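Visitor: Here are the chains, one letter per residue:
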Amino acid sequence: MEQLKTIGRELAMGSQGGFGQSKEFLDLVKSIGEARSKAEEDRIVLSEIDILKRRLLEPDVPKRKMKEYIIRLVYIEMLGHDASFGYIHAVKMTHDDNLLLKRTGYLAVTLFLNEDHDLIILIVNTIQKDLRSDNYLVVCAALNAICRLINEETIPAVLPQVVDLLNHQKEAVRKKAIMALHRFHRKSPSSVSHLISNFRKRLCDNDPGVMGATLCPLFDLISEDVTSYKDLVSSFVSILKQVTERRLPKSYDYHQMPAPFIQIKLLKIMALLGSGDKSASEIMYMVLGDLFRKCDSSTNIGNAILYECIRCISCILPNPKLLEAAAEAISKFLKSDSHNLKYMGIDGLGRLIKISPDIAEQHQLAVIDCLEDPDDTLKRKTFELLYKMTKSSNVEVIVDRMIDYMISINDNHYKTEIASRCVELAEQFAPSNQWFIQIMNKVFEHAGDLVNIKVAHNLMRLIAEGFGEDDDDADSKLRLSAVESYLQIISEPKLPSLFLQVISWVLGEYGTADGKYSASYISGKLCDVADAYSSDENVKGYAVSALMKIYAFEIASGRKVDVLPECQSLIEELLASHSTDLQQRAYELQALIALDARAVESIIPLDASCEDIEVDKDLSFLNGYIQQAIESGAQPYISERERSGMFETTDYHSQDHHEVPAHALRFEAYELPKPSMPTQASTELVPVPEPSYYSDPHQPIPTSLVSERESSEIKLRLDGVKQKWGRPSYQSTTSASSTPQQSTNGTTTHSDGGAGSSSSKPRTSYESKKPEIDPEKQRLAASLFGGSSSSRTDRKSSSGGHKPAKGTANKAASIPKETPIPVQPQPDLLDFGEPTDTTVTATDPFKELEGLLDSSSHDGGGSTDVMGLYSDAAPVTTTTSVDSLLSELSDSSKGNARTYQSQTSKGPNSKEALEKDALVRQMGVNPTSQNPTLFKDLLG
Amino acid sequence: MIRFILLQNRQGKTRLAKYYVPLEESEKHKVEYEVQSTLYLPLFLPVSYSRVPDPQFSLQVHRLVVNRDAKFTNFVEFRTHKVIYRRYAGLFFSVCVDITDNELAYLECIHLFVEILDHFFSNVCELDLVFNFHKVYLILDEFILAGELQETSKRAIIERMSELEKLE
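Residue numbers (UniProt numbering), protein chains in the order written: chain A, 1 to 940; chain B, 1 to 168.
Source of the hints: derived by calculation from the structure; they are not laboratory data.
Just so you know, not all the hints are guaranteed correct.
[Stated by the list, open to error] Restricting the straight-line Cα-Cα distance to at most 27 Å, the calculated cross-link-like pairs of lysine-lysine (DSSO-like) are:
hint : chain 1 : residue 1 : chain 2 : residue 2
1    : B       : 166       : A       : 63
2    : A       : 129       : A       : 63
3    : A       : 250       : B       : 166
4    : A       : 201       : B       : 154
5    : A       : 241       : B       : 154
6    : A       : 321       : A       : 278
7    : B       : 71        : A       : 379
8    : A       : 250       : B       : 154
9    : A       : 129       : A       : 65
10   : A       : 65        : A       : 53
11   : A       : 335       : B       : 71
12   : A       : 494       : A       : 442
13   : A       : 170       : A       : 250
14   : B       : 154       : A       : 294
15   : A       : 560       : A       : 617
16   : B       : 166       : A       : 23
17   : A       : 516       : A       : 560
18   : A       : 379       : A       : 335
19   : A       : 65        : B       : 166
20   : A       : 129       : A       : 241
21   : A       : 170       : B       : 154
22   : A       : 442       : A       : 477
23   : A       : 332       : B       : 154
24   : B       : 166       : A       : 170
25   : A       : 391       : A       : 354
26   : A       : 201       : A       : 187
27   : A       : 278       : A       : 354
28   : B       : 166       : A       : 92
29   : B       : 71        : A       : 129
These numbers come from a predicted model, not from an experiment.
Let the hints inform the model, and build the full structure from the sequences given.
Guide: Here it is as structure tokens:
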């Protein structure tokens, strides 16, 4: 029975469009289809990869076989596995003369390769050749590939030919050439900037397909630069008019609408052109009005056009009549049962509300319904609308709603967005200070870690500066209410760090300001915070600073400060903190407490957070000190620019700067035979001391090597200066400064001056003497051991050791990034399908379609008869024997005999259903996904 | 502009996957995304893209659409884009487009594609797509190129395909 099925399916496949694949291939697809788990699927794919690897290496693979292998590679890759071992064969296939093979080759490479892949270079030539082909199908295949594979650098190689093809006699070629140019424009606008006139020309192409394709690049061009296309307004309007008058061939009709996709593209372009342009808008009014009248609002596509009209009207200069029509369309959308249309309605409302603010009022209930809807997409769209229509009168309701929703969701991306919207609205429309503080508290409490830190800073500034009016009383009330609310919140567990920072800052600044709370109370709270969030240095820092302010205010006002024991212990703890920042703050605090009132007041004046502090950036007050130092023999300061690259160990920034080019070049250098180019800068790149680092740990250093290294170093360091051998010379180089440093710099940056290159010569010869050490390993070793040896050796070598350390660090960082990909446990594909099965079967409208699908195949060709046979057989068989492909196809839970029976029993109805469907189609009714009886026509 | 098209069955098996924006570029978005919220993991866990479209990635899309109520909108936000999906029997057709694109138009665009498939395979079913996926790719290439609708005439596409079929 099983066998019979298999044979049957293969026969079926064979008859379906000449599917000439081998049994092996069919078996692969079948076994993948039947795999019960992702692990099983992976196993099958891995063994397939093995097979293909072997087969592809066989000599003289027949071309037809090769084609199949490549399709199998595509399949493997589609399932998420790596088929890169076979890419080259796909590339080769593009060279084939046989169009069928060539096309398969192109298909595979467009799926396999990115535009930056190394193999692209092998294809560019073929593409160039194929673009010249007499067979337009070859040209089309090449153009398809161009759209995927050509990048900025390769554009010039094909551009002239693509431009020539714009005038090809076949419309298919012209169309694809336009799309290719569009793609070039997206990749690199400058490459095609001189060809823009061609797009304009193609707009007048005889073939509507070419014209329609031309709208894509024109849309992009116009959105970048509206003014230079104003002359086309009337052309676009007249095209749209002709389209709506059904002047295009019937074949462009879709669900009784004439060329709707072209209409939509035109409307998008018109919206751009008409925006803020009276004369352009006036030309459009007529055709837009016509569209509202003509559009069939019973079909999805008709509504799509209506929606695009609404968008267009909201962009161009408003016209009362059109606005009315748009409002009417929107109300139809909102009244519809379809969520999709409601969504479009809400979106349209959001667009029109800018122009006519009253429009939303009549739809209040519908909007509220959408807000309550369980569908998140619709809900979010509605929040977007609410955001747009917020005024000071409704801000409280809207922001409350938003916050409730914000609390309820887990999607951090959207949470962040909605939080920032809440903040924005609250800042803009807050009816009272108390309310504002409350809202901010809620936002911080529930999304504190997602909120931009700027929001926190804004809030602090707002509390410090007040609301702008010169009303000190109101300001202090605001502060008091903030302090009160924070004192309430502060003891709640697990507050976000950012929120705690704000709280600490405000309590420090204003906690004791109006005398309601005592210093010891506030400082006690602050200590609690620092204790409770002891792992968060930021919070602790803020808390300590707040403590400092509170004590300072106390001292300044002449009161005696008694430091709470817990504060004292906190300070003591922080004095020994590993964080220098915290430590410094603690020391400052300690020093401050000991000062007298006058000094404290000038250090931390009361409520002075808004005062500007003048900073003398030139540090001119230190001039005297510097003068003194120089007089007593100190080196004058060398600016960073002059010094950059010299002191690589001391200047991390400049070091990083040099890191990149040095690395990039290094990789190239390793591919060259080293000894052949003694003076090449690239060979010098490996710092001298490295080999010794490498050999250090793994093997005893051959003494000759050490001395050699030392000698080379010495030569490098001090040209012409006689030196003693051995350690003492090291010391001397350590203390010596600019000359050796410069040469180091010279070698690493490839900007060898005379001294640099001469000194590097001996080094390279030394390098060539010991080729057995892999530079890669050297670097690794240097990075591993460079740190410890740097103390022993001079600065130069430590910098040399440091550099590679970075390289390996990079590598180490990149390794975990790459390895998890294969390691990651892939979720079981089948597992999560199971629970949905059970829930969906009950209400699934698609089931009926499946029934139709299977049964309708009865009256299909021989191929589908076999399928019918399967569904007949299904009720008899049990869970395990039901062919899994079939069960996927019919999308029912496995072994659900009832389902199958219902399917088969529906067989006779299918014809009738099909007839009905044809009728429905003629009437132009679009099947919606909610309606199963109409739905069948999608596939029926 | 269309970012990618995915055909998946209810179990999440990919039947077709076409990416119009190289993954590196989508990865850029991923990075931007991670920068925005460094403290919490985003809902869509960052996909570790390899060059090969990661099954994790398509699974995310699948998870996004598969459990939605049939009554819900056919649109879902997906990172900084949106996914328009439509279900035919056991197959989900998902198209990821820009946030400013016309949702209904792309919904119908999916349907047009299915109509073309239906025409080409005469009464298309998932099995046709499973075994002829390479042909589906070819049809798709005639329909959508470089992420834009290239041809919206069903007849033009079918004619082109039959010309190609003749060669076989």
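Visitor: All hints are to be evaluated individually against the structure, with a verdict given for each.
Guide: Cross-check of the supplied hints:
About 19 Å separates the Cα atoms of residue 166/B and residue 63/A, which keeps this hinted pair within 27 Å; it holds. Distance check on the hinted pair: residue 129/A and residue 63/A sit about 21 Å apart at the alpha-carbon level, within 27 Å; holds. Under the criterion of a C-alpha separation no larger than 27 Å, the hint pairing residue 250/A with residue 166/B is consistent with the structure, at around 25 Å. About 25 Å separates the Cα atoms of residue 201/A and residue 154/B, which keeps this hinted pair within 27 Å; it holds.
The straight-line distance between the Cα atoms of residue 241/A and residue 154/B is roughly 22 Å, inside the 27 Å bound, and the hint therefore holds. With a C-alpha separation of about 16 Å, the suggested pair residue 321/A and residue 278/A falls inside the 27 Å cut-off, and the hint holds. This hinted pair checks out: residue 71/B and residue 379/A have alpha carbons roughly 14 Å apart, not beyond 27 Å. Restraint check: the Cα-Cα separation between residue 250/A and residue 154/B comes to about 10 Å, which is no more than 27 Å; the hinted pair holds.
For the proposed pair residue 129/A and residue 65/A, the alpha carbon gap of about 25 Å is at most 27 Å, so the pair holds. For the hint pairing residue 65/A with residue 53/A, the CA-to-CA distance comes to about 14 Å; that is within 27 Å, so the pair holds. Under the criterion of a C-alpha separation no larger than 27 Å, the hint pairing residue 335/A with residue 71/B is consistent with the structure, at around 15 Å. Between residue 494/A and residue 442/A, the direct Cα distance comes to roughly 14 Å. Compliance with the 27 Å bound is thereby established for this hinted pair.
Between the alpha carbons of residue 170/A and residue 250/A the distance comes to roughly 20 Å, so the proposed pair stays at or under 27 Å and holds. Among the hinted pairs, residue 154/B with residue 294/A is consistent with the structure: their alpha-carbon atoms are about 23 Å apart, no more than 27 Å. Of the pairs offered as hints, the one joining residue 560/A and residue 617/A is violated, with about 37 Å between alpha carbons and a cut-off of 27 Å exceeded. A hinted pair counts as satisfied when its Cα atoms are at most 27 Å apart, and residue 166/B with residue 23/A qualifies at roughly 23 Å.
Only pairs whose Cα atoms come within 27 Å are accepted, and residue 516/A paired with residue 560/A is accepted, the gap being roughly 17 Å. With a C-alpha separation of about 16 Å, the suggested pair residue 379/A and residue 335/A falls inside the 27 Å cut-off, and the hint holds. At roughly 20 Å between alpha-carbon atoms, residue 65/A and residue 166/B fall within 27 Å of each other, so this suggested pair holds. For a cut-off of 27 Å, the pair hint linking residue 129/A to residue 241/A is broken: about 42 Å separates their Cα positions.
For the hint pairing residue 170/A with residue 154/B, the CA-to-CA distance comes to about 18 Å; that is within 27 Å, so the pair holds. At roughly 20 Å between alpha-carbon atoms, residue 442/A and residue 477/A fall within 27 Å of each other, so this suggested pair holds. A hinted pair counts as satisfied when its Cα atoms are at most 27 Å apart, and residue 332/A with residue 154/B does not qualify at roughly 30 Å. For a cut-off of 27 Å, the pair hint linking residue 166/B to residue 170/A stands: about 18 Å separates their Cα positions.
For the suggested pair residue 391/A and residue 354/A, the alpha carbons sit about 12 Å apart, so the restraint of at most 27 Å is met. Of the supplied pair hints, the one linking residue 201/A and residue 187/A holds, its CA atoms being roughly 22 Å apart against a limit of 27 Å. Taken as a hint, the residue 278/A and residue 354/A pair is honoured in the structure, with Cα atoms around 18 Å apart against an allowance of 27 Å. The straight-line distance between the Cα atoms of residue 166/B and residue 92/A is roughly 24 Å, inside the 27 Å bound, and the hint therefore holds.
The straight-line distance between the Cα atoms of residue 71/B and residue 129/A is roughly 52 Å, outside the 27 Å bound, and the hint therefore fails.
When the structure is compared with the earlier hints, violations turn up for hints 15, 20, 23, 29 and for no others.
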